[in-house]
Structure formats: structure tokens, C-alpha cells
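Enquirer: Residue numbers (my numbering), protein chains in the order written: chain A, 1 to 468; chain B, 1 to 141.
Keep in mind that a hint or two might mislead.
Heads up, incomplete: computed chain A residues facing chain B, CB under 10 Å, no partners named [said to hold, decoys possible]:
no.: 1; residue: A127
no.: 2; residue: G219
no.: 3; residue: V385
no.: 4; residue: R386
no.: 5; residue: W387
no.: 6; residue: Q389
no.: 7; residue: H402
no.: 8; residue: A406
no.: 9; residue: R408
no.: 10; residue: F426
no.: 11; residue: V430
no.: 12; residue: S433
no.: 13; residue: R438
Derived by calculation from the structure, the hints in this document are not laboratory data.
For each residue, glycine too, the CB sits at the ideal point set by N, CA and C.
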Amino acid sequence: MNAVAAPLHGPPSWQKLHPLTPVVGGGRLLLVFAVVAAEQATIRQGGSGDLALVIAAGALALIGVVLGAVRYLVTRWALDGSTLHIETGLFRRDARKLPLARIQAVDVLKPFLARAFGLAELRVRLAGSARSGGRLAYLAEPVAWDLRARLLAGHHGLDQSTPQPAERPIAAVPTGQLVASSVLTGATALVLTCLALVIVLFAAASSSSPAASSTVGAGTFLLALIGFARATWRRVAAQYGFTVGLAPDGIRLQHGLLSTVSETVPVARVQAVRKVEPLVWRMLGWCSLEVDVAGSPGEEQGTRSSRVTKALLPVGRSEMADRLFSDLLGLRQFPLQPPPRRAAWKSPLLYHFLSAGSDGRVVASASGRLRKVTTWVPLEKVQSVRWVQGPLQRAFHLATVHVDAAGRRARAEIRDRAVGEADFLFQQLVLDSRGARRAASWLERRGASPSTTLATGQPAPPSPLRGA
Amino acid sequence: MRGLEVVLGTLAVMALALAEGASNRSAALAGGGTGSAAALGALLLYGVYRRYRAWRYQERDEDLVVSRGVMFRRQSVVPYGRMQFVDVTAGPVERAFKLATVKLHTAAAASDARIPGLERDEAARLRDRLAELGEARAAGL
Numbered sequence: 001m002n003a004v005a006a007p008l009h010g011p012p013s014w015q016k017l018h019p020l021t022p023v024v025g026g027g028r029l030l031l032v033f034a035v036v037a038a039e040q041a042t043i044r045q046g047g048s049g050d051l052a053l054v055i056a057a058g059a060l061a062l063i064g065v066v067l068g069a070v071r072y073l074v075t076r077w078a079l080d081g082s083t084l085h086i087e088t089g090l091f092r093r094d095a096r097k098l099p100l101a102r103i104q105a106v107d108v109l110k111p112f113l114a115r116a117f118g119l120a121e122l123r124v125r126l127a128g129s130a131r132s133g134g135r136l137a138y139l140a141e142p143v144a145w146d147l148r149a150r151l152l153a154g155h156h157g158l159d160q161s162t163p164q165p166a167e168r169p170i171a172a173v174p175t176g177q178l179v180a181s182s183v184l185t186g187a188t189a190l191v192l193t194c195l196a197l198v199i200v201l202f203a204a205a206s207s208s209s210p211a212a213s214s215t216v217g218a219g220t221f222l223l224a225l226i227g228f229a230r231a232t233w234r235r236v237a238a239q240y241g242f243t244v245g246l247a248p249d250g251i252r253l254q255h256g257l258l259s260t261v262s263e264t265v266p267v268a269r270v271q272a273v274r275k276v277e278p279l280v281w282r283m284l285g286w287c288s289l290e291v292d293v294a295g296s297p298g299e300e301q302g303t304r305s306s307r308v309t310k311a312l313l314p315v316g317r318s319e320m321a322d323r324l325f326s327d328l329l330g331l332r333q334f335p336l337q338p339p340p341r342r343a344a345w346k347s348p349l350l351y352h353f354l355s356a357g358s359d360g361r362v363v364a365s366a367s368g369r370l371r372k373v374t375t376w377v378p379l380e381k382v383q384s385v386r387w388v389q390g391p392l393q394r395a396f397h398l399a400t401v402h403v404d405a406a407g408r409r410a411r412a413e414i415r416d417r418a419v420g421e422a423d424f425l426f427q428q429l430v431l432d433s434r435g436a437r438r439a440a441s442w443l444e445r446r447g448a449s450p451s452t453t454l455a456t457g458q459p460a461p462p463s464p465l466r467g468a
Numbered sequence: 001m002r003g004l005e006v007v008l009g010t011l012a013v014m015a016l017a018l019a020e021g022a023s024n025r026s027a028a029l030a031g032g033g034t035g036s037a038a039a040l041g042a043l044l045l046y047g048v049y050r051r052y053r054a055w056r057y058q059e060r061d062e063d064l065v066v067s068r069g070v071m072f073r074r075q076s077v078v079p080y081g082r083m084q085f086v087d088v089t090a091g092p093v094e095r096a097f098k099l100a101t102v103k104l105h106t107a108a109a110a111s112d113a114r115i116p117g118l119e120r121d122e123a124a125r126l127r128d129r130l131a132e133l134g135e136a137r138a139a140g141l
């Protein structure tokens with residue numbers, strides 16, 4: 001790319017990041033410095049401080065701030081017509097143009113420190129590799145919200161000054177349920193079982209040397225407990241106050257306790273939907289709902305919301321998931337068919353949990369004994385269809401049909417069907433997906449936004465209300 | 001069905017199997033059983049032949065169909081509109097036999113449309129045609 005010292009293409013009005021960027025960027029190191037300095041200062045009064053340590057920490061913090069300052073100085077962005085331009089890099093200039101029409105999702109992230117300064121980070125996802133997205137860190141919060149509204153308006157082919165449309169809240173996750181769901185997982189059961197085992201073993205062995213083994217046992221227990229608490233805390237803090245809303249420009253997700261994340265996924269960008277029901281949750285009638293989105297955010301930095309899969313509902317009652325499913329995605333649930341009886345010989349453990357079906361718009365499949373996963377793939381999103389038969393399946397006259405959507409693991413797997421049925425499904429799915437694809441591209445060419453027609457039936461009137 | 005159905009040569013695999021058969025034989029010779037080694041070699045050759053015969057592809061109006069496998073039979077349908085890019089690769093063995101592999105990539109990681117052992121000209125023709133069809137029928141994600 002001839003991005004080196006790229007001249008202005010047209011006259012986009014370039015803008016800078018927020019001047020406090022270096023402080024937030026180097027914030028963690030600054031914090032470390034402050035802690036070390038304070039600690040040493042207190043020790044010093046005792047007369048045995050280590051000046052070198054303070055200097056080292058200070059140098060580190062300085063480097064962090066300088067790097068942040070350089071990033072601030074060399075980065076600029078502009079939004080013109082249908083493209084978001086981002087230029088950055090000191091030695092290796094990187095100029096990228098993000099066409100609004102190709103946006104897969106827009107996220108506004110507020111890490112804890114940025115939040116304290118009223119800043120936010122904006123991430124734009126495009127399809128493709130991790131490097132193809134865009135990331136602006138940090139902007140003043142109102143600027144970030146405004147930019148998000150403009151990007152999404154541009155994405156839907158509206159005038160960019162269209163104010164951010166109001167969202168209709170659909171669901172929220174109560175904190176109690178979130179905590180309970182984080183505790184009641186298969187991993188917990190496993191940890192508890194292991195712990196019980198360890199304790200029993202040590203109790204058995206303790207007859208020889210009681211003191212030592214009980215200490216070891218307690219240590220193991222404590223370690224496991226800390227790890228478990230950390231994992232639980234991380235999940236609760238990330239998903240705290242989870243709300244789902246529907247706006248004409250897409251599905252809005254908001255969550256987070258210390259660091260908050262607001263995600264917007266245009267409905268037409270959903271590649272697949274998954275309903276996950278772990279064993280323990282199933283007993284309570286709970287489940288979680290995930291959507292797959294093609295593409296990933298800009299440079300992979302941190303794991304916050306950088307996964308391609310987005311939780312549409314981290315935990316909720318099955319009815320709520322079903323309602324979300326129909327409200328947000330405009331899809332109807334339909335009964336799934338089990339495979340033929342003889343499939344029980346081929347997959348004895350899974351047989352009762354296998355089912356699949358298609359209603360001509362969506363193909364769905366379910367599987368999983370401990371962790372039941374039901375996947376829906378809209379036929380217009382199908383990337384390829386595959387028919388697979390292994391030797392064992394051949395012996396029982398069975399075959400599996402895979403329907404792949406964009407992404408690493410977004411696919412419906414119609415397992416162990418009778419060969420005749422599989423052949424028919426295979427042909428039918430190829431034809432149906434072809435039809436669905438044509439209809440979708442026709443809609444797109446007409447300029448209609450499939451997301452609004454799909455989800456609400458009519459584009460909602462623009463409203464000056466701003467969704468936080 | 002309109003497209004031409006071409007049976008491909010995975011000569012590279014055959015050569016490899018031959019070499020394997022030869023090494024098997026020498027190992028078996030040390031043990032003293034030439035006949036069993038020869039049988040094994042023949043069996044291997046037959047397996048490779050079956051595999052080679054099973055690998056076929058068909059260019060249809062809207063999509064490319066690739067089927068392969070003897071033990072595990074697979075058939076993939078990839079619509080041209082879903083194609084992200086086409087790869088043509090040729091390893092050293094393939095180059096020695098003037099062959100190439102054409103691979104179709106879609107946005108789905110699981111899509112599996114690979115056609116190995118194509119004559120070089122055919123590979124180039126297929127690549128150009130796929131690219132052209134992909135362009136004409138391109139659909140957004």
C-alpha cells in the first residue's frame with residue numbers, strides 16, 4: 001500500500017484523538033509507578049528504601065505515556081460520505097479506509113480508567129481478518145456516541161446527520177440470576193468433584209502424617225477457590241447489568257461493571273444464532289443465546305468483546321430466549337425432527353439429543369448431551385453446504401449434512417440422517433439458500449435495509465432520543 | 001447437469017504410496033516375507049487408485065461441486081457468489097508432474113473445496129473462470 005505520507009484524498013476534515021489519550025493509554029503503568037513510589041516512600045522513612053526501583057517504575061511509566069503521546073500525535077481520523085478514514089503509525093504509516101456499507105458491528109468500550117476521564121474507545125468490525133477492522137482509542141464520550149450514530153446511519157444508507165434512533169428495550173439480566181448462573185456451571189461441578197476427591201484422598205492418607213497432608217489439602221482447596229472466584233468475578237463484572245435493546249440500526253447490547261461495553265450489531269449481519277443449555281442450567285430452565293458475527297475488531301488488543309461471538313443473552317429463561325429470538329431476529333421457531341431410530345446404534349449417547357430441520361428460511365440443528373447447543377443459520381447466510389458419510393454411517397445408511405456460515409464455528413450440523421433424507425436435504429438446502437441469497441441481494445440492491453424489514457417490519461421514525 | 005465431469009490425477013499421492021510400498025518391501029525382506037509386502041503394496045496402490053477415482057468436481061451454473069473420499073465420503077457445494085478468493089498452489093512433487101491444486105476459500109472456515117492434481121492449464125483455466133463467476137455473482141456477507 002502506498003500509505004506512506006498519504007496525501008489527503010479529497011478534503012476530509014481530519015480529527016485527532018482526545019488529548020488525554022496518553023494518560024489513559026499509559027494509565028496502568030502510571031498506577032504501578034504510583035504504587036511503587038508510595039511503597040518505597042513509606043519504607044524510606046524506615047531508612048531502607050530502594051531508589052532504583054522507583055526510578056525503574058518511573059521510567060516505565062514515562063515510556064508508557066510517551067508511547068501514548070506518540071500514538072496521539074500520529075493518529076487522526078475522518079468521516080466523509082461513506083468511508084471512515086483512520087491514519088496512524090509513526091514509522092510504519094497505516095492508513096485504512098473502512099467503507100460504512102461493510103460494517104459488521106460497532107462497539108463503544110469504556111475501560112475503567114477511560115471511564116474515569118469520560119473517554120471511550122470506538123471499535124468498528126469489518127469482515128475478514130483481525131487486521132481489517134478499525135479502532136479509535138480514545139475519544140471523548142459524546143464524540144464516540146455521535147460517531148457511532150453516524151457510522152450506523154451511513155451503514156443503513158441514511159443521512160449521517162440522522163440522530164441516533166431510540167432503542168426499544170427487550171430484555172435485561174437480573175444480577176442475582178447472573179451470579180447464580182456463573183456459579184452453577186459444569187466447571188463448578190467439576191471443580192467441586194475434584195476438590196472432594198482431593199480431600200477424601202488426603203483424609204485417607206492423613207492417618208500417617210495428619211498435619212502435613214491437611215495443610216496441603218487446605219492449600220489446594222484455597223487455590224482452587226481463588227481460581228474459581230476469579231473466573232466467576234470476571235464473568236459477573238463483564239456481563240453485569242446486561243441489557244438488550246432493538247433499534248432500527250441494529251441490536252444494542254450493553255454490559256459491564258467497571259469497564260462497560262456497548263455493542264451494536266445490525267440485524268442483517270447476524271450469521272448464526274446459538275442457544276446453549278448446559279446441564280445444570282437446563283434443570284432450571286435457563287439458557288444463553290449467542291450470535292455469530294463475521295469479522296473481528298481492529299488490532300486484537302485485550303479480549304474485551306474481541307470475540308466474533310457475541311452473547312445476546314448471557315443467561316435467561318428459555319421463554320425469554322425464545323422471545324428474543326423472534327423479536328430481534330424476526331425468525332420463527334419451528335419443530336425440529338429427530339434422526340431415524342437406527343441412528344441410535346451409530347451415536348448411542350447423542351441420539352436423544354439430535355434433531356434438525358429447516359423452514360425454507362432458516363436451517364436449525366441441535367446436539368449435545370451435557371451442553372445442549374441449538375444452532376440456527378439463516379439460509380441467505382449459507383457459505384457452503386457439505387454432505388459427509390463415514391464408514392460407520394455407511395453401514396447404517398446414514399449421512400450428515402453440514403451447513404456452513406461465515407466464521408470459525410458457525411454451522412448447523414444435521415447429523416445422522418437417513419441417506420435418502422440427507423440427499424434430499426442436501427439438494428433442497430442448496431436450492432433454498434440460492435433463493436434466499438437472491439432475495440437478499442435483490443433487497444440490498446433496491447436500497448432497502450434488510451435489517452429493518454426483517455426485524456420490525458417497518459423502519460422506525462428517527463427520534464432525537466439518544467440511547468445511552 | 002451441464003458441466004464437464006473430470007476425473008483427476010492425484011499422481012503425487014500415488015508416487016508417495018509407491019515409495020512407501022518399496023520401503024515396506026525392503027523392511028519385509030529383512031523379515032523374510034516378500035509376498036506379503038508385495039500384497040501390501042498392491043493394496044496401498046489400490047487404495048490410492050480408489051481415492052484418486054473418487055475425487056471429482058463439477059462446475060454448475062451457480063456453484064461448484066467437489067466430491068471426494070472413499071472411507072469418508074464428502075460432497076461440498078460452494079456457490080460462486082460466496083467465494084472470497086481462489087488459491088492455486090503447487091508443491092515440489094506436483095510441480096515435477098506439472099500439476100497444481102486449486103482451492104476455493106469462503107468466509108466459513110469449514111468450507112472445504114480443494115481440487116488437487118489438476119493439469120497446470122486446467123488449473124489456470126479453472127482459477128480464471130471461478131474468479132470471473134465469483135465477481136459476477138458476488139453476494140455480501
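Enquirer: What are the numbers of the hints the structure violates, in ascending order?
Expert: 2
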